[in-house]
Amino acid sequence: MSSVAKCPECGNRNLIKDYDSGEIICSNCGYVLDDKLPDSGPEWRAFDDEQRNKRSRVGAPTTYTIHDKGLSTTIDWRRFSYTLKKMDQTKALQIYNLRKWQRRIRLSDSSERNLAFALTELSKISMSLNTPKHVLETASLIYRKALKKRLIRGRSIQGIVAASIYMACRLCGLARTLDEISKVTMMNKREIARSYRFIVKELSEFIPPVDPIVYISRFSNQLGIQGRTEEIACEIVKKAIELKLTCGRGPTGVAAAALYLASILTGNRRTQREVAEVANVTEVTVRNRYSDILKNLDIIIWV
Amino acid sequence: MSKVKPIIQIENVVVSVTLNQSLDLMSVVKALPDTVEYEPEQFPGLIFRLKKPKTATLIFNSGRMVCTGAKSEDLAIKAVKRVIRELKRSGIVLIGKPEIKIQNIVASANMGGRIDLEKAVFTLGRTMYEPEQFPGLIYRMDDPKVVILLFASGKLVCTGAKKEEEVKQAVYKLQKKLEEEDLITYE
Chain E
51 MSSVAKCPEC
61 GNRNLIKDYD
71 SGEIICSNCG
81 YVLDDKLPDS
91 GPEWRAFDDE
101 QRNKRSRVGA
111 PTTYTIHDKG
121 LSTTIDWRRF
131 SYTLKKMDQT
141 KALQIYNLRK
151 WQRRIRLSDS
161 SERNLAFALT
171 ELSKISMSLN
181 TPKHVLETAS
191 LIYRKALKKR
201 LIRGRSIQGI
211 VAASIYMACR
221 LCGLARTLDE
231 ISKVTMMNKR
241 EIARSYRFIV
251 KELSEFIPPV
261 DPIVYISRFS
271 NQLGIQGRTE
281 EIACEIVKKA
291 IELKLTCGRG
301 PTGVAAAALY
311 LASILTGNRR
321 TQREVAEVAN
331 VTEVTVRNRY
341 SDILKNLDII
351 IWV
Chain S
47 MSKVKPIIQI
57 ENVVVSVTLN
67 QSLDLMSVVK
77 ALPDTVEYEP
87 EQFPGLIFRL
97 KKPKTATLIF
107 NSGRMVCTGA
117 KSEDLAIKAV
127 KRVIRELKRS
137 GIVLIGKPEI
147 KIQNIVASAN
157 MGGRIDLEKA
167 VFTLGRTMYE
177 PEQFPGLIYR
187 MDDPKVVILL
197 FASGKLVCTG
207 AKKEEEVKQA
217 VYKLQKKLEE
227 EDLITYE
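The listed protein sequences derive, respectively, from chains E and S. Following our numbering, the numbering of the first sequence begins with 51 at its first residue and continues without gaps. Following our numbering, the numbering of the second sequence begins with 47 at its first residue and continues without gaps.
Treat the hints as calculated values from the structure; they're not laboratory data. Hints may be right or wrong, so weigh each one.
Under the rule of at most 20 Å between Cα atoms (straight-line distance), these lysine to any residue pairs were calculated in the SDA-like manner [stated by the list, open to error]:
1) K251(E) with M174(S)
2) K345(E) with E233(S)
3) K294(E) with K208(S)
4) K165(S) with I125(E)
5) K201(S) with G298(E)
6) K294(E) with P181(S)
7) K251(E) with T173(S)
8) K294(E) with K191(S)
9) K165(S) with L293(E)
10) K251(E) with L195(S)
11) K239(E) with M174(S)
12) K251(E) with E233(S)
13) K251(E) with P190(S)
14) K294(E) with P99(S)
15) K191(S) with F248(E)
16) K345(E) with D162(S)
17) K251(E) with V193(S)
18) K294(E) with N156(S)
19) K150(E) with I125(E)
20) K117(S) with P99(S)
21) K294(E) with K165(S)
22) K294(E) with F168(S)
23) K251(E) with E227(S)
24) K345(E) with E227(S)
25) K165(S) with K239(E)
26) K289(E) with K134(S)
27) K289(E) with T231(S)
28) K251(E) with K117(S)
29) K294(E) with E227(S)
30) K191(S) with E252(E)
31) K288(E) with K165(S)
32) K294(E) with K117(S)
33) K294(E) with Y232(S)
34) K165(S) with S254(E)
35) K251(E) with D188(S)
36) K294(E) with S199(S)
Covered, in the sense of this in silico footprint (three residues per stretch, anywhere, with C-beta under 8 Å from a C-beta of chain E), are these stretches of chain S [stated by the list, open to error]:
37) 103 to 114
38) 153 to 167
Computed from a predicted model, the values in this text were never measured in an experiment. Where a beta carbon is used, it is the ideal one built from N, C-alpha and C, also for glycine.
Can you build the whole structure from these sequences, using the hints too?
Take a look at the structure:
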């Protein structure tokens, strides 16, 4: 309502909904447009989880992370009929049997079973990677899309699962390298990369290249580097991108070199080895990127 | 037209040949024991290596041949003809005319300037650039239908062309596009 309506007094479109007093107020002149806002929340109150579970009449929001989007029917195990009367023995037994079969036929065919398996696998990986929930949702959606386009036929479920997670991380701007994903999925990095390229190509999804800056805060955290150094490292990366020093270079290597340089500049030097280990690149890479940056950035270092 | 002319070099031409008859590979081995390699345990095809033009031809008992390694269209066809002549000379009966078809041409080229890959990702369309996995940018061109691996140094690899002309077309088209979008800087 507030997005369409405007204040009749001053024409201001920025209206405030005050739910405590049930009023809509103009943020500019204080004119009260409405003083009887309906409450859109539930009519019941709950003081703890147990009560909330008991009172709420709706389920969880739909999610792509469960094979039926969380819309499955489950039969309660409690021996109450819909009027909350206690059921007699025969009825209870009947319901018990129904419940058992409902659980069994929930996964009706093999494709659904595969999807369920893949999605649990996705959840597991995302859990061990510590990704936020929306990344998992995105990954599940990518996997579903791939399944719908029949891209999984002839490929391993694990590979596609790992690739979807990686793709979701990229889409959400999360700094996760292929190395980390290959570590938790216990899969070959090349295989994940291959599946990833395949689904990106087939889904014709556009994924912007990784910005080395996203890795900087991660690496400096692992190295225990101060915020100021981190800031300088970010500046160095920005400059390097501007000067086109990063073309065709791995983002982790660039980030590592920038951090190394920044650590020298601010006087709490880390060794190339430490930086390289955190970034999972070789010392040679750090050295090469470092000298690239030094040559082109007009930074003078006194050793 | 730009001042800098890309240097294009064809690296490999793959040609397939259909003879429309089945071949007995064992008799070929008996007829030409010194020139061919045949190990059915390892690979079902027979390998026929030529010194000039330097190519390798795979011959299968279905009567199909694949010739790889030639540096140009003409050389590839020459190589196939030579292989067929050798087969005939050694007493293998071949009837009818072989169907020769060029399947793939791989070429390398140098654009002569540095390329801003990071900007190119956004402007070229149908690209893939994953520096974490591969330092080159993969560009799928629709017409001519080729795939180009483009590197920051200005060198590129073009695969998937069926004619030599297509390679040239693709490289020039790419150069034009790169110059229009200001993605290439000449030194």
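Cross-check of the supplied hints:
1. At most 20 Å may separate the alpha-carbon atoms for a hinted pair to count; K251(E) and M174(S) meet this at roughly 8 Å.
2. Straight-line distance between C-alpha atoms of K345(E) and E233(S) comes to about 17 Å, which keeps the hinted pair within the 20 Å bound.
3. A hinted pair counts as satisfied when its Cα atoms are at most 20 Å apart, and K294(E) with K208(S) does not qualify at roughly 35 Å.
4. Of the supplied pair hints, the one linking K165(S) and I125(E) is violated, its CA atoms being roughly 56 Å apart against a limit of 20 Å.
5. This hinted pair checks out: K201(S) and G298(E) have alpha carbons roughly 12 Å apart, not beyond 20 Å.
6. Restraint check: the Cα-Cα separation between K294(E) and P181(S) comes to about 14 Å, which is no more than 20 Å; the hinted pair holds.
7. With a C-alpha separation of about 9 Å, the suggested pair K251(E) and T173(S) falls inside the 20 Å cut-off, and the hint holds.
8. Pair hint K294(E) plus K191(S) does not hold up; C-alpha atoms about 29 Å apart against a cutoff of 20 Å.
9. This hinted pair checks out: K165(S) and L293(E) have alpha carbons roughly 12 Å apart, not beyond 20 Å.
10. Distance hint between K251(E) and L195(S) is fulfilled; the C-alpha atoms sit about 15 Å from each other, no more than 20 Å.
11. Annotation: proposed proximity of K239(E) to M174(S) holds, straight-line Cα distance about 18 Å (limit 20 Å).
12. Our distance criterion of 20 Å between C-alpha atoms is broken by K251(E) and E233(S), whose separation comes to about 34 Å.
13. This hinted pair checks out: K251(E) and P190(S) have alpha carbons roughly 19 Å apart, not beyond 20 Å.
14. For the given pair, K294(E) sits about 42 Å from P99(S) by alpha-carbon distance, which is inconsistent with the 20 Å threshold.
15. Annotation: proposed proximity of K191(S) to F248(E) holds, straight-line Cα distance about 18 Å (limit 20 Å).
16. Between K345(E) and D162(S) the alpha-carbon distance is near 19 Å, which keeps this suggested pair within the 20 Å criterion.
17. At roughly 13 Å between alpha-carbon atoms, K251(E) and V193(S) fall within 20 Å of each other, so this suggested pair holds.
18. Among the hinted pairs, K294(E) with N156(S) is consistent with the structure: their alpha-carbon atoms are about 19 Å apart, no more than 20 Å.
19. Restraint check: the Cα-Cα separation between K150(E) and I125(E) comes to about 9 Å, which is no more than 20 Å; the hinted pair holds.
20. Distance check on the hinted pair: K117(S) and P99(S) sit about 8 Å apart at the alpha-carbon level, within 20 Å; holds.
21. A C-alpha spacing of about 10 Å is found between K294(E) and K165(S), which places the hinted pair at or below 20 Å, so the restraint holds.
22. Restraint check: the Cα-Cα separation between K294(E) and F168(S) comes to about 15 Å, which is no more than 20 Å; the hinted pair holds.
23. For the given pair, K251(E) sits about 24 Å from E227(S) by alpha-carbon distance, which is inconsistent with the 20 Å threshold.
24. The hinted pair formed by K345(E) and E227(S) fails the criterion: a straight-line CA distance of about 28 Å is larger than 20 Å.
25. Distance check on the hinted pair: K165(S) and K239(E) sit about 27 Å apart at the alpha-carbon level, beyond 20 Å; violated.
26. Between K289(E) and K134(S) the CA atoms are separated by roughly 67 Å; this puts the pair beyond 20 Å, and the hint is violated.
27. Pair hint K289(E) plus T231(S) holds up; C-alpha atoms about 18 Å apart against a cutoff of 20 Å.
28. For the suggested pair K251(E) and K117(S), the alpha carbons sit about 30 Å apart, so the restraint of at most 20 Å is broken.
29. The straight-line distance between the Cα atoms of K294(E) and E227(S) is roughly 16 Å, inside the 20 Å bound, and the hint therefore holds.
30. With a C-alpha separation of about 17 Å, the suggested pair K191(S) and E252(E) falls inside the 20 Å cut-off, and the hint holds.
31. Using a Cα cut-off of 20 Å, the hinted pair K288(E) and K165(S) holds, with the two alpha carbons roughly 14 Å apart.
32. For the hint pairing K294(E) with K117(S), the CA-to-CA distance comes to about 35 Å; that exceeds 20 Å, so the pair is violated.
33. The hinted pair formed by K294(E) and Y232(S) meets the criterion: a straight-line CA distance of about 14 Å does not exceed 20 Å.
34. Restraint check: the Cα-Cα separation between K165(S) and S254(E) comes to about 19 Å, which is no more than 20 Å; the hinted pair holds.
35. Of the pairs offered as hints, the one joining K251(E) and D188(S) holds, with about 14 Å between alpha carbons and a cut-off of 20 Å not exceeded.
36. A hinted pair counts as satisfied when its Cα atoms are at most 20 Å apart, and K294(E) with S199(S) qualifies at roughly 11 Å.
37. Note: the region 103 to 114 of chain S has 0 residues with beta-carbon separation from chain E under 8 Å; the three-residue rule is not met and the coverage is violated.
38. By the rule of at least three residues with a Cβ nearer than 8 Å to a Cβ of chain E, the coverage given for the region 153 to 167 of chain S holds, with 6 such residues.
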